[in-house]
Amino acid sequence: MDARMDIIVQVDGRQIAASVRPRMLLSDFLRCHGRALGVHIGCGQGVCGACTVVLDGVPVRACTILAVQADEATVQTVSSQAALEGFAGEGLTPLQAAFREHHALQCGFCTPGLLVATAVFLKENQYPTHEEILAHLNHHLCRCTGYANIIAAITSVVQ
Amino acid sequence: MTLFGTPLRRREDFGLLTGTAIFLADLARPDMAVMRMCRSPHAHARIMKICTEDALAHPDCIGIITAADLPSGTGLLPAIDLLPDSAPVHQALLASDRVRYMGEPVAAVLASDAYAAEDIAELVRVTYEPLPAAMDTSADAILYQELASNKVHETSQLVGDPDKIFATAALVLEEEFAFHRLAASPMETRGAIAEAESGTGRILLYSSTQIPQLLRNEAARILGLDKAKLRVIAPRIGGGFGCKEAIYPEEILVLQAALTFGRPVFWCEDRQEHFQATVQARQETVKVRAAVDEQGVFLAMEATCDADIGAAYGLLGNTPGAAMATLRGPYRIPHFRSRSRSFVTNKAPLNVYRGAGYPQATLCMERMMDLAAQRLGLDRADIRRRNLLQPDEFPVARGISYPACGPVVFDSGDYPACLDMTLDAIGYADFPARQAAADEGISLGLGLAFVVEMTGNGPTEPARLRVARDGKLELLTGITPIGQGTETTLAQILADRLGVPPETIRILTGDTDDQPDAPGTFASRGATMGGNAACLAGDALVLAARHVLAKFRGVAVEQITWENGALAQIGGPNEPVTLHDLAALTGPAALDVRASFADNGNSWSNGCHAALVEINRATGVIRVLDYAVTHDCGRVANPLLVDGQIMGGVVQGLGATLFETLRFDADGKPMTQGFWEYILPTAATAPRFTLRHLETPSPLNPLGMKGAGEAGCTGAAAAIVNAIADALAPFGIPIRSSGPFTPETCFTLLRAAIGQEAPIQ
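If you read the sequences in order, they're chains A and B.
Going left to right, the first sequence walks through residues 233 to 391 as our numbering numbers them.
Going left to right, the second sequence walks through residues 128 to 888 as our numbering numbers them.
This is chain A alone, in the form it adopts within the complex:
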């Protein structure tokens, strides 16, 4: 019924080629074709931030972008967290480890989107103030933690 468009997207370092409906959302493309299951769809309305991915270096809501808009682009999800943080070690990245240490996640559904967005935020602003951290976090909904431990985790990485 729908026309299809051929696209190629680099997802976490892999070339994903697919023939997709023009209306297919990037979030669905990443999950269905890219098997990037760390992209969580919380609202599909661009509000909650759970589906945040990094598109050519910029954090975006994958649920309000069409897959065809990402043709020939590079997408990084939480699977690229080490690269996003410039971390060359093994295991959890400093941000992931801080989240665990500070109990900054409970159900964990919002966590991957929050992690990738925060990695980019900290790359652009190495020493953010408390107010800047809050302003950054205001773009992400977490229903479990009450945010205090998320703020503490990010603050600990900054210091």
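No wet-lab data here; the hints were simulated from the structure.
These figures come from a predicted structure and were not determined experimentally.
Beta carbons are placed, not taken as given, at the ideal position from N, Cα and C, and that holds for glycine.
Among the clues, some could well be false.
[Unchecked claim] Listed next, with one range per pair, are the computed distances between beta-carbon atoms:
hint, chain 1, residue 1, chain 2, residue 2, range
1, A, 251, B, 257, 41 to 47 Å
2, B, 804, A, 234, 27 to 33 Å
3, B, 803, A, 387, 25 to 31 Å
4, A, 391, B, 501, 43 to 49 Å
5, A, 242, B, 389, 34 to 40 Å
6, A, 384, B, 803, 25 to 31 Å
7, A, 242, B, 640, 36 to 42 Å
8, A, 242, B, 184, 35 to 41 Å
Given chain A, work out where chain B should sit, using these hints.
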């Protein structure tokens, strides 16, 4: 090695932090049919005709199920509170003749993918004849014609002789409080998958549910299946808070669709559907009267609660019943009468949500305390002290029963100490000076709220413990995690009991093959019931292991002891034998035990909350600056995770009080269908927390635990509302609702009180 009581970091986190944890939607595969619901666009209407011709003609359509397509004998959805005396108003899987809320399922469309499914659902043509909607408890429109009214449940309680007290009391206060409708709003919406299990002839149902065991039983009943042919698995769950503690039509319909079309079926609701069709919470109106003497001692109380429970099926009488059963909270109040009534309305069904009746009870009681203090010129802490039950009075039988959960008997606590710790934590003594020194245009307010809540709901909890082939211990539990860290806590408790490293224990959850019959995850019961059951299973495994080693060595079982996480033989070879060693020696088959923990009644946790708010009178913006909680959940297994529960719960209560509300238009159409309209709290709204623990062990379980999951949410509304009332008191603004106190609401209240022309300062 003492693990109990330490802030052990979570074992769940690795998968969640790396995006490799498997949630329901992650189980979808391209070969699965995607189910999409056709939902009623009307709050109340008669269904005249359903035409599926165009939809079936769509090339990607696999099939459609309407009520007419369901096998005869298909059962109705249950209400989870299972109260025997409620009216039989159970919803069908699919509406046939009448729809009773916007979003009610009318047909299920099966397609090859989600995009096609959405298109096809729009091609199902349903002709409706709209009916007047009942949008509150006193509406004329009747939902169920077989009943004469919309009242479906009523319960009452009486302690002492309140009439006599009211007739002679020095002060009688009378108030009415309106509680607004909320959505629990976990970040993950609902979803389910059904498919044939390969090689077993069984059907596998995956669901994002807090109650897989109950779902299995009810799905089997509704579809007339042998329950042995059905296995239910709850994968990793992205939050529940009570809204995944219902039996939903869609969960049963994926199963029916898989049977009908002979292929795997996937369904996941979107956020708009979640706001339309997932169970909602809280809405009720409570009228309260209190008889108080000159010293501020509450002598009697009387309350009536009318709950607006939506179109029924979620839960009928439990939440309003709980609100009334616990209205008096920690205060003595020897004479009491209450009545709670549940009315069906043309809204999505009401269900439990974190606190389930206690937030309403706490707000009513704590507002009345403040109002009495104000009338009598008493200090707000003093008046509470004069009414608190004392530590030497436990157990305290309250003379009333909690619907379907037995008599209300408080088991343990030190309420006066709890109050004092919170007063200290919030800086109560210094607050008047701080309030007086507030900046121009700013009003500060402080609010107190004392919570007593039933937790650790029994009566029993199973556990199975075995040694796996790789030598690790496997605890099979019926507690399904919904984000609170169940696996970490249970491993920690069991490791502490056995004296083994927690890393040697695996926790298996959410699978009815592991635990076919267990109550599930609700009512702050997971750690208490699951933890005590795990300990019993641990003891049973040790006993079994001693027998196995005794037999292997040909000695009496008394010769084999358990010390420091291993077996030893008295006077025998010196090397201790771990369970891992034993399994290698004898095989693991005999090292597989089951236990069932039965509590001696529900444990009642308590806590005292204090909120400090700031109101900007020029904008109406309310901020919660500081928040203190002293919580008594008995012995704390893991303070890191308990504090996480408290803070998360408080911010949910904060959101409910300041931002969140479900709105409907006059025709019953939901006006809040997304996070654009339903405003959740964000990081900038989080207060500074001071959390303290007071540990009075519960005598009702060996670990001395009481629940903690709902505590934060239960007290927050009352503490914040009291703080707002305190801040607004100089302007004579009465507070008679749970909010939400949005900037607009607050601004309007201030303008009305101060006058349109008066300068705001």
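Tested hints:
Between residue 251(A) and residue 257(B) the CB atoms are about 44 Å apart, so this pair conforms to the stated range of 41 to 47 Å. Between residue 804(B) and residue 234(A) the beta carbons are some 30 Å apart, a value that agrees with the proposed interval 27 to 33 Å. For residue 803(B) and residue 387(A), the Cβ-Cβ distance of about 30 Å falls inside the hinted range of 25 to 31 Å, so the restraint holds. For residue 391(A) paired with residue 501(B), a C-beta distance near 45 Å keeps the hint of 43 to 49 Å intact.
Under the hint 34 to 40 Å, the C-beta atoms of residue 242(A) and residue 389(B), about 39 Å apart, fit the expected range. Taking 25 to 31 Å as the suggested C-beta distance range, the pair residue 384(A) and residue 803(B) conforms, at roughly 29 Å. Our hint of 36 to 42 Å for residue 242(A) and residue 640(B) holds, since their Cβ atoms are close to 41 Å apart. The given range of 35 to 41 Å is respected by residue 242(A) and residue 184(B), whose C-beta atoms sit roughly 40 Å from each other.
Hint compliance for this structure: no hint is broken.
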